[in-house]
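Novice: Sequence:
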Amino acid sequence: MTASSNDWRQRLQQEWLLLVFALLALTLALLDPRPASDYRRWLQLPTLAGLTGLLIAIQGIRDSGLVQHAAVAVVAHAHSLRSLGLLLVAATALLSMVLTNDVSLFLIVPLTLAIGAISNLPVLRMVVLEALAVNAGSTLSPIGNPQNLLLWQHSSLSFFDFARALLPAAAVMLALVAAFAWCWLPRDRVALNPQRIDGAISSGRLGAWSMAALVGMVLAMEYGQAVSGAVALLVLFGSLARASLARIDWLLLATFAAIFLGLGHFAELPLVQRLLDRLDFSQPLILYASGIVASQLISNVPATVLLLERTPDAIALAVAVNVGGFGVAIGSLANLIALRLARQPHGLRQFHRVSIPFLLVCAPLVYLAWRGFGI
Numbered sequence: 028m029t030a031s032s033n034d035w036r037q038r039l040q041q042e043w044l045l046l047v048f049a050l051l052a053l054t055l056a057l058l059d060p061r062p063a064s065d066y067r068r069w070l071q072l073p074t075l076a077g078l079t080g081l082l083i084a085i086q087g088i089r090d091s092g093l094v095q096h097a098a099v100a101v102v103a104h105a106h107s108l109r110s111l112g113l114l115l116v117a118a119t120a121l122l123s124m125v126l127t128n129d130v131s132l133f134l135i136v137p138l139t140l141a142i143g144a145i146s147n148l149p150v151l152r153m154v155v156l157e158a159l160a161v162n163a164g165s166t167l168s169p170i171g172n173p174q175n176l177l178l179w180q181h182s183s184l185s186f187f188d189f190a191r192a193l194l195p196a197a198a199v200m201l202a203l204v205a206a207f208a209w210c211w212l213p214r215d216r217v218a219l220n221p222q223r224i225d226g227a228i229s230s231g232r233l234g235a236w237s238m239a240a241l242v243g244m245v246l247a248m249e250y251g252q253a254v255s256g257a258v259a260l261l262v263l264f265g266s267l268a269r270a271s272l273a274r275i276d277w278l279l280l281a282t283f284a285a286i287f288l289g290l291g292h293f294a295e296l297p298l299v300q301r302l303l304d305r306l307d308f309s310q311p312l313i314l315y316a317s318g319i320v321a322s323q324l325i326s327n328v329p330a331t332v333l334l335l336e337r338t339p340d341a342i343a344l345a346v347a348v349n350v351g352g353f354g355v356a357i358g359s360l361a362n363l364i365a366l367r368l369a370r371q372p373h374g375l376r377q378f379h380r381v382s383i384p385f386l387l388v389c390a391p392l393v394y395l396a397w398r399g400f401g402i
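Going by our numbering, the letters in the sequence shown line up with residues 28 to 402, in that order.
It cannot be assumed that every hint is accurate.
Taking CB as the label site, the calculated pair distances span [to be verified]: (1) Q310 with R370: 34 to 44 Å; (2) L312 with P384: 20 to 30 Å; (3) L58 with R370: 32 to 42 Å; (4) L395 with V299: 28 to 38 Å.
I should point out that these hints are in silico values taken from the structure, not numbers from a laboratory.
From a predicted model like this one, the values you see are computed outputs, not experimental measurements.
All C-beta atoms, glycine included, are put in the ideal place defined by N, C-alpha and C.
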């Protein structure tokens with residue numbers, strides 16, 4: 028077998044998620060043909076465009092050296108791996124409340140990788156914690172993640188009333204993440220690798236453009252102009268920083284497109300709809316369990332869309348699908364983004380060793396808090 032064949036085989040093994048969902052989407056398209064409008068709806072073009080714009084901006088920031096510069100500054104003020112790790116986890120959770128969970132990860136995971144490159148920070152452990160932190164932190168905010176944004180608009184509640192209603196659930200999640208991080212992070216002192224420290228900014232101009240692009244993309248997403256924002260960044264970077272465009276993980280976008288098509292179609296199969304018709308979603312426990320299970324099967328955003336018109340209680344559904352972001356990696360797209368950005372060996376295995384037990388502990392505690400202290 029040639030070297031190129033081996034390289035292709037290894038690449039296919041790495042992209043197994045893309046292959047699985049592309050096969051699912053193709054199989055369903057053959058067995059259950061639908062109009063083109065359905066496929067366009069399932070593709071979620073604004074979400075894909077938003078991810079494209081974020082990838083472009085973050086790649087520019089990486090290439091400029093700003094992330095490495097920030098890593099040196101953060102490590103210089105850290106006394107132990109535990110304090111450094113808790114700082115990163117807290118920053119991830121807080122950013123997810125105001126910048127959404129995916130933007131938070133696009134900022135924090137590259138910083139974590141840069142810190143790990145110059146120190147003894149356990150990178151994979153941190154990325155798993157950061158994935159848990161964005162799921163917990165974004166739960167509290169109506170704009171923290173796509174499912175909350177959808178349910179907030181559907182509920183007709185004010186921003187603060189929606190956040191107040193989710194506070195008991197979010198408080199339990201954040202407390203569990205903090206406690207787990209405290210126990211799991213090592214107490215060793217931060218050890219630097221002097222040979223790898225390079226805090227110089229290689230291109231201040233690229234860094235400034237990229238930071239402005241990131242802010243602009245977040246605003247474009249906020250005001251429903253994600254497609255226009257992504258096109259503008261493609262043109263800008265195609266003209267001024269073509270090398271950065273070449274280094275973007277385009278296969279990540281292809282993977283998300285395949286996931287959206289495959290799961291969107293699966294959720295609307297007649298068999299699935301008939302099964303849902305048999306459930307009484309007016310019962311809180313049934314709705315809660317259904318939201319979590321559906322999130323594990325088709326991710327929490329499609330699960331929200333699937334159940335939204337079947338439940339009279341938007342807050343109850345919000346609690347369920349946010350808890351459903353824990354567990355298997357597909358439960359939340361933020362999990363997949365974190366693992367893909369990190370590209371750590373055995374990342375998926377380590378994530379599931381932590382996230383599935385975390386879900387089993389978190390789910391009953393959140394239910395008790397929500398039912399006992401819900402407002």
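Novice: 32 to 42 Å was suggested as the range; check whether the CB atoms of L58 and R370 agree with it.
Specialist: 34 Å, holds
Novice: Go ahead and decide if the range 34 to 44 Å is satisfied by the Cβ distance of Q310 to R370.
Specialist: Holds, since Q310 and R370 (Cβ atoms, about 43 Å apart) stay within the stated range.
Novice: Does the Cβ pair L395, V299 satisfy 28 to 38 Å?
Specialist: 30 Å, holds
Novice: With respect to the beta-carbon atoms only, verify the hint that L312 and P384 lie 20 to 30 Å apart.
Specialist: The hinted range 20 to 30 Å holds for L312 and P384, with Cβ atoms some 22 Å apart.
Violation of the numbered hints given earlier is absent; every hint is satisfied by the structure.
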